[in-house]
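K.L.:
The chain contents come next:
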Amino acid sequence: MTEVTFPEAPALADRDPKVLGTGTPRKEDDRLLRGEGRFTDDVGRAHTAEMAVGRCPYPHARIVRVDVSAALELPGVLQVITGAEAAARSGPIRILRPVPGAPAIPHYALAERVATYEGQPVVSVAATSRHVAEDALDEIEIEYEPLPHVTDVLAALAPGAPVIHPDVLDSNLLVSNPQGSGDAEARMREADVVVEGRFFVSRVTGLPMETRAVLAEWRAGARELTVCISTQVPHLVRKQLAESLWLDEGGIRVVASDVGGGFGLKLGIYPEDVVACLHAMSLRRPVKFVEDRNEHFRATTHGRESVHDYRIAARADGRILAMTDTYANDLGGLNSPFGSSQLSTVVFNGPYKVDDGFVERRVVVTNKTPIGAYRGYGQPEVNFAYERLIDTLARRLRMDPVELRAMNMVKPDEFPWVNPVGAVYDSGDYERCLRMAAEAVDWAGHRRTGHGPRRSDGRYRGIGFSSYVERTGYASGKFLAARGSDFGAHEGINIRANRSGGLDVYTGVSSIGQGSETVFAQMCAEFFGCDYDAVTVHAGDTAASPLNTGSFASRTVIAAAGALLDACARLRAKTLRIAAHMLGVADPDRLNVIGRAVQHRDDLTLMVPLSSVFQRAILGQGLPEGESPGLDETSYFDPPHAAYSFGTAAAVVAVDADSGEFDVERFLMVHDCGTPLNPKLIEGQVRGGLAQGLGQALAEELVYDPETGQLVNGTMMDYFAPTACDLPSVELMHTAVPSPVTPLGVRGAGEVGAIPAAAAVANAICDALSDFGVELDRLPITPELVWRALRRKVLAGA
Amino acid sequence: MKADELDSLPLGLPEPNVVVAASVNGTTVTEQVPARLSAADFLRHRLGLTGTHVGCEQGVCGMCTVLVDGEAVKSCLMLAAQLDGRRVETVESLAPEGALSPLQECFKASHALQCGFCTPGFLMTATALAAGGPKRSRAEICEELAGVLCRCTGYEFIVDAVEAYLAAGAGTAADD
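As they're listed, the protein sequences go chains R and C. Take the first sequence: its position 499, counted from the start at 1, is 499 in the numbering used here, and no numbers get skipped. Take the second sequence: its position 77, counted from the start at 1, is 875 in the numbering used here, and no numbers get skipped.
The shape of chain R in the complex, shown without the other chains (with noise of 0.2 Å):
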C-alpha cells in the first residue's frame, strides 16, 4: 500500500472540555424537538401548485393511447404532461453508479410506449391542490395492452421468459460481472469438504419515515430552477436535473433542509423531480409533489433482493481454502441511479482470509419497481449467505464454530490484506471481536449445557454469530473512476468566519439524521480550537456549500474530516497571524486560540476575542503586511483508500419445535469503527442500523404475486415495520483500532448494523435446532418458514 500523508491536525490535547470523542449535544436536536424541521413539504412559496401522479397498474404494459382531454376541463387543473411530452422535454434520467458493462437502458420521466412495472409514473397533473389534481387523475383515460410479465429473479432468466427490455437486451441478463483471483476451481477438488447453499435474500424497502418531496420553483427571466428536495446528495441532484433538463447548472439550485430520513433511498433524481420541473417552468409558478405512501411503496426504489449460490472448500482441520459466490441481483424494471447492490462482490469472503476465489454479479431486470441503494449495498445480503454457510461447515466438521471462524480470520499482524478481488482490508481485530462476542453470551457454558430442549419451557435454545466486515467510504476517486461511477469520492468543506467571533461551516451534506451537523462542529471546533457553540453548520444548500459527493456508503466524516481539518489549518494560522500584529507579538505560533479568543501562549493577559480579530479580517483594515481580507478558507479532501469496520454480532433464541415459534433473547453486537469521534451518534447509527437488519431477519418483505406482477402489501397497512415492541433489546460494545488509512483513524459507522443482524438470527435458530438437522436459507425467519424448515426434516426421518 502507498504511504499517505494527512493533513496535520493542531495539537489536541490541551482542550477541556473536549469536544471530539464526546457525546455533546446534537445541533439538530432543538429544531427537530420544538417540531420546528424545515422538511420539503414544510416549505411553502405563494401560489404553490400541486402535482399528481398517474401510474401504470400492471407490471408489464403497452401504452396505447392516453387521453387527456376530461381531466382538462375540471376546474382548478392547471396541466397535464403525458410521456410524449416529458420525452419532448427531458432526457433520460443518468445512472450515478453504473454496473460495470452495463448498457443504458433508458430511462424517461414518464413512461411513453412501454411501462415496465406496477406504479411506473406514466402521467402528470398540476392543479390547484393535491385534492383537484388526484380528481383529475380519475378523469384520464389510459388504454393499456398489457404484455407478459415476469417477477421471480431466477424465472426471469429462464429460457422463453418475455424479455423486458428488448431493444437494448437479447435476455434479461442486464451484464454479469466475474471476478476473482487464485483457481477456485482446483482448490474445490482438493478439498476434504465442500459445502454449498442457495441463499434467498428478500426483496425490502428502506422506508423513510418522510416519503419524497419536492418543491420546483422557475424565474424565466433570471433562467434560474430553485428545487427543495428530500435528497442525500444535493449537488448530485443538481448535476443530474441539469442533464435532464438541458439546463445550466448555474441556474439551478438545489435545497435539502431536514430530510427524514434516507438509507440509500434517496440518492440521486427520481422521475417525478424531473416531472415537477416542467410542470413549474411552463406554468411559471412554483410546483410541490409530495409522494403518498402508497405510492412511495412502489415508486420509491426497493432494496437487497438477490439469490446467492455460495460455496466454501476448506480442509478437515477447518482452514478454509476457498470462497465462491455467483449471485443474481434482482434490478427491477429499470435501472435506477444507484441500480442493484455492488458492493456483495467487494467483500464477498467476509472478515476470512482465503487466497482463492471467485464472484459473479449477475443483474437480472424483472417486472417489479427498481431497485435502489439500500444501507449496506450488498454487504447485509452476501453476510447472510457466508455466515450461514460457515456454521453449516462447522456442523459439517463438527468443529466449534466460533473456533472456525476464529481460525479464517485475518490476523492483525497481516494488514494490509488484499482479498481475491482487490479490496485492501486496512487494519483491525477481528478475533478480539469474536471472542468478546463469545463471551458475553457465554458461548462455552452453552456448549457445555446444550440446546435442551429446556425443562421450564419445552424449548430449544441456541446461539448464533456473524462476523463481518463493511466497506466504509471509497477508494480515493480514481478507485469510482474505474467503475464508471458518475461522482466523485471527496467532500469539500468552506468554512468563514462571521463579525460575531463565530463560524460558519458549509456543507453540502444534508441533514438526513446521521448527526453531520453535530460532528461537523465539533471537529471543527477541535481543529480551530473554539467553542462547539461558536461553529454553525449549514447544511445542503448547493448555492451555498462547496462542491462534493453527499451522505452515502458510510463515508462522509471519512472524506470530510480531511476537508475539515485542511481548512482549519490555515483558517487557524490567518486567525492567529492577524491576532499577533494586533497583539504586537512577532510570532504567531506563541498564540493559541481558547473558547471565543486568541491568547498568547505564556502571557495569558495578551489575549484578544475572535469577534476582534474576525471583524478586523472582515473590514479589510489594519490588517498585517501582505494580508489579504476575509477569513474564508474551502478544502477539498479525496481519501485515498477505504477503511474496513468489522465486528461480530450474536443472538440467542428460544425455539417452540414444534410451532417455530422463536424470541430472540439476547443480542448484541461488538463493533469496531476506528476512533470514535462521537460515541453517542456511533451508537445511534449502529441501533438504527441493526433495527432495519433485523426487521428484514424477523418480518420485512415486499411481495409480489406472480400470477398478476402485483406487489401484494404495498401499504404501511400490510408490510411489517418493526415498533417498539417487535424488537429484542441490543446490547453493544466496542472496540477502537484505528484505521492507519484514514484521517484521524476513523471507520464509517453507517451501514454496519444492517449487515450481521439476519445471519445471526438464522445461525441461533439452526444451533437450536441442530438436533433436527435444519438450516434456513432465506429472509425473512417466521415461525412458519422455521416450522416449514423443522417439518421437512421430520418428514425426511421418518
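The set of hints was computed from the structure by calculation and includes no laboratory data. Worth double-checking, as some hints may not be accurate.
Pairs of lysine to aspartate or glutamate residues, derived as EDC-like cross-links and limited to a Cα-Cα distance of at most 16 Å, are as follows [to be verified]: (1) R:Lys478 x R:Asp638; (2) R:Lys411 x R:Glu439; (3) R:Lys353 x R:Glu403; (4) R:Lys411 x R:Asp355; (5) C:Lys906 x R:Asp30; (6) R:Lys353 x R:Glu439; (7) R:Lys793 x R:Asp658; (8) R:Lys680 x C:Asp882; (9) C:Lys906 x R:Glu36.
Because the structure is a prediction, the values reported are computed rather than measured.
Position chain C relative to chain R; hints supplied.
P.N.:
For chain C alone, coordinates are given in the frame of chain R:
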C-alpha cells in the same frame, strides 16, 4: 350542505366548504376549509403548524399524532371539520419560549432522535401517556409507543427518554 347535494357537485373546484372553530395550542382559530381537508393538512397548511408530520395517511405510522381534548389521536384519520369545538395541542405547544420542555430535554439527553421526522409523534404520545400517570413498566411504555414508527433509532433510546421523563414524575399533575 346535504349529502345528496355534495354528490351532485362536479369534481374539482368549487369545493364544498365548512367552518371550523377550534382551540389550537390555546388560541381560538376560525377557518373556512374544504370539507375533505384532513385535520393534519389543516394544522400544517392552514395554520402553519408544520411540526405535525404526515407519513402514511392511513393511521399506521403515527407521524401526525396530536392531542385532541387531551387524547393522542392520529390527525391524518380525522377531517378538519371534526376539530370543530375541540381543544387541539400540537408539538409546537410543548416548549416554553426559548427553551425545551422537560420531555424534550429527556429526548435530547438520550439521543432519542435522528432525522426527527417521527419525533413530534413520539413527543405527543408521551405527553398523553404522562397525563395518565407516571408509573409505567418499560414493557407498557413500549406498548404505548408502538403506535408511532421510527426508522432511525431502533427505539431503545426513545423508550429510555420516555422512561426517564416518567420516572422524574414530570407532567403528572399538569392536567389539573
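K.L.:
Does each hint fit the structure? Answer for all of them.
P.N.:
Hints, one by one, checked against the model:
1. The hinted pair formed by Lys478 (chain R) and Asp638 (chain R) meets the criterion: a straight-line CA distance of about 10 Å does not exceed 16 Å.
2. In summary, the hint linking Lys411 (chain R) to Glu439 (chain R) is not supported, as the alpha carbons are separated by about 19 Å, beyond the 16 Å threshold.
3. Distance hint between Lys353 (chain R) and Glu403 (chain R) is fulfilled; the C-alpha atoms sit about 14 Å from each other, no more than 16 Å.
4. Only pairs whose Cα atoms come within 16 Å are accepted, and Lys411 (chain R) paired with Asp355 (chain R) is accepted, the gap being roughly 14 Å.
5. Of the supplied pair hints, the one linking Lys906 (chain C) and Asp30 (chain R) holds, its CA atoms being roughly 8 Å apart against a limit of 16 Å.
6. Proximity of Lys353 (chain R) to Glu439 (chain R) is assessed by CA-CA distance (about 23 Å); at most 16 Å being required, the pair is judged violated.
7. The hinted pair formed by Lys793 (chain R) and Asp658 (chain R) meets the criterion: a straight-line CA distance of about 12 Å does not exceed 16 Å.
8. At roughly 44 Å between alpha-carbon atoms, Lys680 (chain R) and Asp882 (chain C) are farther apart than 16 Å, so this suggested pair is violated.
9. Of the supplied pair hints, the one linking Lys906 (chain C) and Glu36 (chain R) holds, its CA atoms being roughly 15 Å apart against a limit of 16 Å.
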